[in-house]
Amino acid sequence: MTDGSGADWTEDGSVDGADGKPSLTDQRDVEQVYQPAEDSKLLADAVVERVEGGERALDVGTGSGYVAARMREAGADAVGADLNPHACRQAAESGIPVVRADLTGAFRDGAFDVATFNPPYLPTESEQEWDDWMERALSGGEDGRAAIDPFLDDVARVLAPGGAAYLLVSSLTDPDAVRERARANGLTSEEVDSESHPFETLLVYRFVRRDE
Amino acid sequence: MKGDLLDIVCCPLDKHDLELDATEREDGEIVTGTLTCTECGEVYPIEDGIPNLLPPDMRDEAPA
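If you read the sequences in order, they're chains A and B.
The opening residue of the first sequence carries number 3 in the numbering used here; numbering runs sequentially from there.
The opening residue of the second sequence carries number 258 in the numbering used here; numbering runs sequentially from there.
A couple of the hints might just be wrong.
So, partial list: chain B residues that the calculated Cβ filter (under 7 Å) puts toward chain A [stated by the list, open to error]:
1. Ile265
2. Val266
3. Pro269
4. Ile307
5. Pro308
6. Asn309
7. Leu310
8. Met315
Calculated directly from the structure, the hints in this document are not laboratory data.
Glycine included, C-beta positions come from ideal geometry on N, C-alpha and C.
Just need the whole structure built from these sequences, with the hints factored in.
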């Protein structure tokens with residue numbers, strides 16, 4: 003995972019301020035919002051290959067809104083959710099319908115055909131975390147799964163019949179433990195993509211309900 | 258937010274329906290208002306077009 007300075011993906015330049023100096027509010031948002039990086043792209047590429055036009059999609063932890071925007075380009079009716087108010091504002095400014103929410107908690111049963119999550123996953127000592135919003139976007143707690151586990155515990159609830167969830171994980175996050183948590187929640191997992199980097203391998207898992 | 262967002266959101270506490278009270282609209286979208294749970298009565302704010310559906314105990318918890 004990198005800090006991802008490639009914030010030039012919006013057509014209107016609202017993120018990188020290419021057509022002028024960004025406002026202080028925009029600048030503050032960019033500094034406190036995880037910008038799309040290799041992990042975001044790997045997840046988005048895997049999902050847009052499989053999403054169908056008109057499907058309802060939820061991008062959890064949407065951050066800048068990148069994965070949600072890619073799904074919308076692919077024809078899905080995607081919304082974003084994020085805990086971070088700066089992220090919500092930035093995603094909204096790039097045209098993503100956005101809800102400030104904790105993971106999938108504020109969404110109805112069976113509301114989505116697709117759910118995506120590029121979670122904070124870096125294992126972090128407990129005394130170092132939650133200092134600011136960027137730290138929160140990166141840190142996954144001591145085992146790296148502080149946000150992944152509750153996502154897996156609730157995501158099946160918001161999926162419509164035949165729906166699928168896509169999760170980005172790292173080799174640093176114990177992928178076997180991730181799959182086991184999914185299995186305990188009635189989900190079957192399939193690795194749909196992976197990419198090797200110097201210190202980690204990024205993986206995209208696709209989860210579907212075992213009863214389907 | 259657009260009104261049709263109500264089709265997919267719910268109260269984060271008990272998953273019941275939310276009732277919209279819009280105080281400011283612009284171009285067909287709700288800019289300011291509230292969403293109230295029809296079951297527990299919890300009120301969630303909509304500000305700058307973004308509904309805040311964090312559970313009340315997380316709403317004020319804000320680094321930086």
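Hints and how they fare:
no., hint, in the structure
1, Ile265, "4 Å, holds"
2, Val266, "5 Å, holds"
3, Pro269, "4 Å, holds"
4, Ile307, "5 Å, holds"
5, Pro308, "5 Å, holds"
6, Asn309, "4 Å, holds"
7, Leu310, "4 Å, holds"
8, Met315, "6 Å, holds"
No hint from the list above goes unmet by this structure.
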